[in-house]
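Asks: Protein chains in written order, with the numbering used here: chain P, 1 to 255; chain E, 256 to 536; chain D, 537 to 787.
The set of hints was computed from the structure by calculation and includes no laboratory data.
Careful: at least some of the hints might be erroneous.
As the list claims (entries may be wrong) - PhoX-like cross-link-like pairs, simulated, lysine-lysine; straight-line CA separation at most 25 Å:
#, chain 1, residue 1, chain 2, residue 2
1, E, LYS503, P, LYS247
2, D, LYS761, P, LYS95
3, P, LYS230, E, LYS495
4, E, LYS503, P, LYS213
5, P, LYS240, E, LYS503
6, E, LYS495, P, LYS158
7, P, LYS56, D, LYS761
8, E, LYS512, P, LYS254
9, P, LYS197, E, LYS436
10, E, LYS436, P, LYS247
11, P, LYS240, E, LYS436
12, P, LYS158, E, LYS503
13, P, LYS56, P, LYS142
14, P, LYS254, E, LYS529
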Amino acid sequence: MDDYLKYRFGTDVEINLKEKDFVSIIGNMNDLLIYTLLFGHKKCNIFVGDKEVTYKNSYEIRKRVSFVLYQHLDIFVGETVKDEIAFGLESLALKKDDITNLIQSESRLFKLDELLERDPNSLGSSDKVKMKILSSMIVKPKIIILDNVISELDYNDKLLVFDILNEFCKNGGIVINFTNDIEDTLFGDKIIVIYDKKVICEGKTISVLNEDKILKRLGLGLPFIVDLNKYFMDYGIIDKYQLTNEKLVGALWKK
Amino acid sequence: MEEIEFNNVTFIINEKTPLEKTILNDVSFKMEKGKIYSFLGASNSGKTAIADLINALIVPTYGSVKIGNFINDGRRIKNVNKLRFDTGYVFKNPYDMFFNKTVKQEIAFGMKYFNYKVKKKSLRINDALKLVGLDESYLKLNPLRLTLVDAKKVALACTLIYNPSILILDEFTNGLNYSDKQDLLHLLKLLKNKYNKTIILLSKDTSFCYEIADYFYLMHLTKIVKEGSREILHDEELLKSINLEVPKIVSFVNVCKKKKHDIDYYTNIHDLIKGVYRDVF
Amino acid sequence: MYSRNSFGSYYPIDSIIHRLNPILKIFNFILTIGIIIFAKSLEINVFLLLFVLLLMMLSYVPSKYYLNTFWSLRYIYILIAFICAFFNTTLTTCMTYIIKLITLVEYINILAFTTSPSENIYGIERLLQPINFFFLPLSKYAFKINSVLRYYPLFLTVQYKTFKACASRGIDYYNTNILKRISIFTKIQGNIRRLTSFKNGQIMFASVLRLFHDRRKRSNYRTNKIGFYDLFFTLFHLVLIYAILVERGIL
């Protein structure tokens with residue numbers, strides 16, 4: 001399959017993503033990467049599908065790539081939650097009935113259907129993030145980019161949102177999750193570590209988390225379960241990764 | 256500053272309109288000096304309102320709040336600036352705290368108004384930045400253009416510069432990575448042990464608070480459901496029913512105990528590994 | 537004190553005024569501005585004020601919100617009275633001016649409480665479309681007009697948040713005497729204005745990220761078709777304009 005998103009920054013940073021990828025990007029360059037994806041940069045070449053990201057075709061690119069930014073969590077374009085969600089659909093000039101039906105069905109998925117007539121300033125932070133993710137997903141983009149917003153969700157909402165994003169990926173979308181919390185990387189398929197304008201490692205989740213020395217030296221840490229597994233593997237108690245508590249306990253006390 | 260006491264506090268906004276909402280319902284507790292307290296709860300459970308009440312930014316609808324010698328119950332508080340001077344409050348969204356053009360003006364903001372005569376003002380500002388892990392190059396930047404992690408650190412420096420005796424951190428660990436969290440742990444332990452400050456953490460991050468706090472309050476919707484020391488976080492069903500994540504160490508040890516291996520509830524990962532190693536062999 | 541959650545002007549409730557078509561609302565507002573500028577006699581202004589009071593009652597928004605603006609302008613009424621006394625005008629002209637001010641402010645309030653911003657943008661764009669001979673980017677202008685109309689509530693929100701941030705560091709605006717209030721306000725004024733324009737820019741950028749385009753037509757999921765009440769209210773405005781023309785002797 002061809003790559004859908006091709007990203008080049010300078011000579012060292014190169015990211016290629018195919019459809020159905022769920023990527024977590026960690027490191028200290030997250031903000032710079034998001035800035036280049038939003039506005040473009042002199043040293044950057046970005047291809048989305050077959051179109052290059054320039055100032056002139058920014059409308060076409062924004063139809064395919066939608067962002068959920070932390071700085072915009074308190075910025076609302078409408079005065080009710082329903083207005084906020086419907087803004088994108090109104091910009092696409094859909095009809096009135098289509099908009100209301102779509103909002104009803106999608107907000108039931110996200111469990112926002114009782115909050116539709118409220119003022120968005122009065123919502124809790126977890127509901128605000130869900131509303132922002134819903135309003136970005138409802139225009140059916142190809143790529144969704146999340147900037148450090150997952151840590152604001154409650155625990156049950158986090159599992160719900162990750163289920164919905166996995167569903168989105170299976171239907172041919174790409175999800176890019178810029179995060180600082182290493183525990184969230186367990187929910188995705190791939191990890192890319194970008195530090196000081198270089199790609200340090202890239203690959204499937206478990207193989208990147210296997211490189212614990214690099215991650216600890218960069219200050220990124222490891223998820224709790226993977227850390228435990230690593231220590232016990234070093235002491236020789238277990239052979240391979242056991243990623244749930246039950247399996248790990250079973251493997252530890254087998255001997 | 257001595258104790259903090261909440262007596263049957265209820266807080267309702269937009270009373271007698273269709274948009275009425277109860278934020279806190281009959282909350283009472285007592286806090287002592289010099290410990291680290293932690294309020295754990297999902298969003299919309301009223302944690303920020305407790306911080307606002309301690310800082311006297313809002314007034315309770317019923318009940319009263321006592322902070323040291325100050326009483327906040329609806330009447331006008333004399334010398335309320337003295338209270339605010341002594342409680343450092345970092346907002347949930349650090350960009351809400353910024354309104355000056357440069358970081359230096361931001362950190363040095365209240366010094367003029369408090370007649371805070373310090374001989375070497377710039378030295379004090381640099382000390383505050385060093386405590387949170389930033390250097391002098393941040394002084395000329397526009398605070399609204401900082402990244403999230405830097406903004407949180409600058410907001411913390413703004414409050415630490417007055418040397419308050421109560422420090423309130425509202426959801427500070429959201430979005431911090433592993434090394435920043437370890438630095439924060441060291442800083443909080445230093446503030447508690449060496450300077451004897453009272454620290455109040457409002458958070459959803461149960462793993463972080465489990466490691467450092469002495470006393471916990473669990474909040475759900477508008478009430479305090481349970482309070483106590485670390486043992487209350489060992490009850491998985493309670494935490495799941497109020498939409499909180501179980502601390503990772505606790506869930507691992509609970510699984511061990513279910514399969515009848517005797518492991519204690521340690522607070523950090525190194526002690527846990529030593530304990531497991533001892534039990535396996 | 538610092539417990540207000542939102543200064544959002546839109547009050548989400550279902551009433552007759554909320555269901556009116558936004559194109560006619562904005563058209564009526566333009567007619568009202570004409571009436572306020574050109575009406576001289578006291579009777580026409582009083583009729584307009586009574587009509588506005590009727591609209592306020594029909595909109596089901598609690599009167600507390602309307603009285604807030606009425607009360608906050610109390611110093612301006614005294615100022616107008618002084619200016620009229622200085623120029624030796626009669627009592628009736630002084631009252632006409634005060635009634636004109638109240639009508640204008642409360643009419644803007646009614647529009648703000650009962651029309652959501654997306655309806656506003658839709659209404660302005662559709663109203664200007666028939667006269668768009670130069671194919672100008674109407675959506676962009678409609679959005680900018682809307683952000684100008686929403687500037688004052690945004691300014692109040694930013695001011696409130698700034699005062700809360702100041703208060704948490706020890707300088708309390710709402711708890712000091714008036715001299716200190718003036719000094720705080722003047723010192724922080726420039727910062728608040730800068731923050732408001734920054735926030736306005738961010739709102740514009742957020743809407744661009746949601747596929748807002750300068751030249752494309754938008755739809756609106758809220759609007760209702762033109763009904764009996766729309767025509768009745770427009771008729772009332774046209775009757776008042778007829779009365780002004782008769783009064784001035786043109787008809």
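Asks: A separate judgement is required for each hint: does it hold in the structure or not?
Replies: So, going through the hints one by one against the coordinates:
1. LYS503(E) / LYS247(P): holds, 15 Å
2. LYS761(D) / LYS95(P): At roughly 14 Å apart (the allowed maximum being 25 Å), LYS95(P) and LYS761(D) satisfy the hint.
3. LYS230(P) / LYS495(E): Violated, at about 28 Å.
4. LYS503(E) / LYS213(P): holds, 22 Å
5. LYS240(P) / LYS503(E): Measuring from Cα to Cα gives roughly 20 Å; hence the hint holds.
6. LYS495(E) / LYS158(P): OK: LYS495(E) and LYS158(P) at ~13 Å, within 25 Å.
7. LYS56(P) / LYS761(D): Since the Cα atoms of LYS56(P) and LYS761(D) sit roughly 37 Å apart, the hinted pair is violated (cutoff 25 Å).
8. LYS512(E) / LYS254(P): holds, 15 Å
9. LYS197(P) / LYS436(E): holds, 24 Å
10. LYS436(E) / LYS247(P): It is violated: about 29 Å lies between the C-alpha atoms, which goes past 25 Å.
11. LYS240(P) / LYS436(E): With Cα atoms ~29 Å apart, LYS240(P) and LYS436(E) exceed 25 Å; violated.
12. LYS158(P) / LYS503(E): Holds. LYS158(P) to LYS503(E) sits at ~16 Å (cutoff 25 Å).
13. LYS56(P) / LYS142(P): Answer holds: LYS56(P) to LYS142(P) is near 20 Å, not above 25 Å.
14. LYS254(P) / LYS529(E): holds, 18 Å
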